[in-house]
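Residue numbers (this note's numbering), protein chains in the order written: chain A, 1 to 399; chain B, 1 to 180; chain C, 1 to 413.
Just so you know, not all the hints are guaranteed correct.
[To be verified] Here are some chain A residues pointing at chain B (derived, C-beta under 10 Å): (1) V103; (2) W109; (3) R110; (4) F356; (5) F359; (6) Y360.
[Said to hold, decoys possible] Sample of chain A residues lacking proximity to chain B, with all beta carbon distances greater than 10 Å (derived): (7) E14; (8) S17; (9) I89; (10) I139; (11) L150; (12) L165; (13) P178; (14) I251; (15) L340; (16) M377.
Just so you know, the hints here were simulated from the structure itself, not pulled from any lab data.
In this text, all values refer to a predicted model and were calculated from it rather than measured experimentally.
We put the CB at the ideal spot given by N, CA and C, even for glycine.
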Amino acid sequence: MVVLDTSLQKRIGEVLSMLSYLLEMFRQNSVGIPLITRKVVLYHTANKIAYIPPLTSLFAKIPILNLIVALIFWKPFFAVLFAPGLVCILIAILFIIWFERKVTARVQWRYGPLEVSRNVGGIIQPMADGMRYFFQEVIVHREAHKPYFLQFPLITFLPVLLPILVIPAGTIYAINTPYSILVAIALISLIPMIIVAIGWASNSKYAYVGSLREAMMYFSYEIVLMIAAMSMVIIYGSANAIEIVKEQSTIPGILLNPFAALAFFVAIAMATSRFPFEIPEADQEVVFGPFIEYTGIIFGVVMTLAYEKLYLLCMLFSILFLGGWNGPFIPPLGDLSPALWLFLKTIGLMMIFVFFRTFYARYRLDQALKIGWSKLMALAMVALITGLGLGAVNVMGWL
Amino acid sequence: MVNKRIKRIKPPSPDFVESVKYHLEAFGVALKEAIKPSRMTIQYPRELRKRPKGFRGMLVLDVNKCISCFQCTFVCPANAIHMKKAPNGKYYPCVDYAKCIFCHYCEETCTKGAWKSTNFMDVAFSRVEEMLLTTEKLINGPEVPEEEREDEYMVEYEIRGSKLELKKEYSPEKLVEVED
Amino acid sequence: MDEYSIPVPVKPPAEIESLYLPVPPWLEEKSKEGDELVLFVGPQHGGSGHMRLIVRVHGDVIREVIPDPGFVHRGVEKLAENKLYIQNIPLVERPAIMDCINMSLGYVRAIEKALDIEVPERAKYIRTMLAEVCRIGTHLYDAGILSVFLGHTTGFMWPFALRELTCEILMRVSGARITASYVVPGGVRRDVDRGTLNFISDAMTYIQQKSKDFEKVFIRNPVTIARMKDVGVLSRKEAIKYGVVGPFLRASGVEYDVRAVEPYDAYDELTWDVIVADDGDSYSRFLVRVNEIQQSIGIVRQCVKALKDMPEGKIAVDTKGKMLDSVKGTFFRTFGRLTLPAGEFTTLTEASRGTLLYTIVSDGKSNAPYRLRVVTPGWYYLKGFMESLKGCRLADLQAVYGSFGYFPPEADR
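The following block holds chain A by itself, in its conformation from the complex (with noise of 0.2 Å):
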């Protein structure tokens, strides 16, 4: 037996007593599934009960599995890594992108991806070009700033991953804010920012040209955005997640105020490049933009950018007017339940998105911004009248 030196000891007892806190922590603020953490009743028969064994109560013993395990299982981490984290967005880029390519193919009389996997219809065609992308070489031209130039695709990624904290699905949550959707759309607003430094990092004629347009266009939806976003939170009488989709369990908000709806609507086109307003990266006129110079696998890194945020954006849409996380309760799920009814949901308003490129031609830019400003702007008025009128009579307590 091995006697240590007290200060050592102590030390080690300090720790050890750290960690046994942390575990406690975890655990008590915990996503409860039954069906991995409790034990599932198969059959039951006179004399025996089938069940399967919870999955947890394996590591529960292991010192510093159990740690681990707790952590994964931790309400914030498992928010930003699960629901509605980085394993969400992986599946909706990649479920969306294979049903773009898909739906425009069944509309153009053609297949459409089948090569790949042929029995399941080429689903999973979206990782095969993946792994291509990372055998590619990356070319950095000459005339590019170098550093900003590799730098910069790799910045996107913290305004779109940041939104994930405040925004809660069902329980699961990192941080609960009063303030949550107007910290969501705040961050949501960097990107272009960043679009714009990638296009002048590239010091190419026709990367500036792409710059110019989309920040012109940025400047057609960002009003419109936060105006029918605000109207729906004068509604309802508070910006938290929580307590929009808890005042939506009557009436879903897109009954409430139709105009804030299709303003919100319209303007998500817009922001994410969509048809008719895929504006910024048009393949004929700009060459792709703001994204020219970019190869390998930075080039896939960029090409995901208006998934993303497209992804985030439905997801406000549906938790601002479809109800959030509601809908029937499945029990083996537990806490994972409505964050898969908000998941469906965000996934459903993607694939109506998606759909516009199967019939829609590109605008103009001037265009673009003449609808921002004449026929949007109006839209977005009267939807802030309407949630003024709505918000007046929901804090005298006849909704």
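Since the structure of chain A is provided, determine the placement of chains B and C on it from the hints.
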């Protein structure tokens, strides 16, 4: 102008209501096609297209009919036919498929009908030297080994009324057919 | 990324350095004074064909566009001097290959004019029918290119799928999908049978049916109308002054169609309308061509009906006037050693994109043309195309390019 009518057309300029109607019509057409697509893709190489009679494909020579008159060499627009001397003293043609444009002037020029067309046009060789087909290779025609065949069906377009259908039938045993 | 320099003991010739920036020397100074950006919409670009356009743009407004054609120049006129008259037919149909019958029709009619041959009735109707089928194919091709320039991918796939049927028609009639080489001096090479004629009329019905869907999804789409209306306007005077031809001239209000003014083949026995519009903007040019597709479908149906009533056979005449039922077996003896009398022979044809001019100069003794002069419609209206771009925005370059349907291989020959 020789007894022709002139039809003046006017482009549409829709107002707001008509504009909304046109948007919805476009959306309706796309939705209808998405639900029930009218595809007309032929999925090469699993499905091959059925060639009609008289298709101008790769050439096959019938040596017994050739009388070495050199007329096919004279008429070829791309200078793809050369004549080589055979051991029996006569000259016989060989075709350079790097130059042939499949116009089949040679087939229609031959007075004895020695050139025949096949229904095969997949001109693929591994090396450039193989593209000059000698007379022996022209007698047999293009050959596709059995283990390199990937096709299962032959597809033909058939239009009935206002519906386009792809009529599929199983691939024949021999891929290359010589036409008379 | 490291750069390595390899010492090579060769100096590049001076032409390479001087050709590096293919602009006239005064362009750089003028653009710096006027605060303009010089953009190259070049051969490798998603939004141009195989041609370089040098665009001087001030902010978002185009000041001037200088074309740099010749990227796909293949020397058709020079090549034709070394081939027999009959061997030139596959050569001259290559510039605008989807329009093959019209391109070779002009050349063959020049030879027939020189030798004073009268083509039999059945051959005239077959030629007219296939020329209109090629016209439908070309108009669909250009509609597809216009759609993809505007970003409308469905509008690109559908016309090309419909054009697949015209390629199938050409394959059943002549044996090859697009390089038909079917028209010879004196008639055509093969006969059509009843089954093929039935297929042709069925295909026309299908194309007519699907054009209605295409109209709803692309032509009447308000985004397309907003993008192409009042863009790239050429008034009637300007169109005549700059020498614009074909449907683009008719879209500016001038009533001129070569098939109606100087009819050839069977055109004076058929009834169709000449489509004219008055606005002169991109949308009118596009709409004129779309309506011409419908008129061509009508002409093809009349030809099919007339061909079904005629007896089969009798599809070509040789130089002495003898009627032939088929050219198989006698091709070289009939057409190979043609010699035209001395002189200059010119024909005008209405190709899909405009007026096509052929001139053969012959010295009376040789069996190859002394000089062949080809002027394609793309070369005629290039100046009008460049002039219509002045004052447009940068994004309109693609819309106007697509509405003209400029095809660089045809213009460069």
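Right, here's what the structure says about each hint:
Evaluation of the A/V103 hint against chain B yields a held restraint, the C-beta minimum of about 6 Å falling below 10 Å. A hinted interface residue such as A/W109 counts as satisfied when its beta carbon comes closer than 10 Å to some beta carbon of chain B; here the least separation is about 5 Å, so the hint holds. About 5 Å separates the beta-carbon of A/R110 from the nearest beta-carbon of chain B, less than 10 Å, and the hint is met. For A/F356, the suggested interface contact is upheld, since its CB lies about 9 Å from the closest CB of chain B, less than 10 Å.
Taken as an interface hint, A/F359 checks out: its beta carbon lies about 4 Å from the nearest beta carbon of chain B, inside 10 Å. Nearest Cβ of chain B to the Cβ of A/Y360: about 8 Å, under the 10 Å cut. The hint holds. At roughly 64 Å from the closest C-beta of chain B, the C-beta of A/E14 stays outside 10 Å, upholding its exclusion from the interface. The Cβ of A/S17 lies farther than 10 Å from every Cβ of chain B, with a closest approach of about 62 Å, so its non-interface assignment holds.
Every Cβ of chain B is farther than 10 Å from the Cβ of A/I89; the closest lies at roughly 26 Å, confirming the non-interface assignment. Taking the minimum C-beta to C-beta distance to chain B, about 32 Å, the non-interface status of A/I139 holds against the 10 Å cut. A cut-off of 10 Å between C-beta atoms confirms that A/L150 is not in contact with chain B; the least separation is 40 Å. With 10 Å as the threshold on Cβ separation, the claim that A/L165 sits away from chain B holds: the shortest Cβ distance comes to roughly 37 Å.
Every CB of chain B lies more than 10 Å from the CB of A/P178, the least distance being 40 Å, so the non-interface label holds. Its beta-carbon lying about 26 Å from the closest one in chain B, A/I251 satisfies the requirement of being farther than 10 Å from that chain. With a least beta-carbon separation of about 26 Å from chain B, A/L340 lies farther than 10 Å from that chain, consistent with its non-interface assignment. For A/M377, the shortest C-beta to C-beta distance to chain B comes to about 17 Å, beyond the 10 Å cut-off, and the non-interface label holds.
The structure meets every hint from the earlier list without exception.
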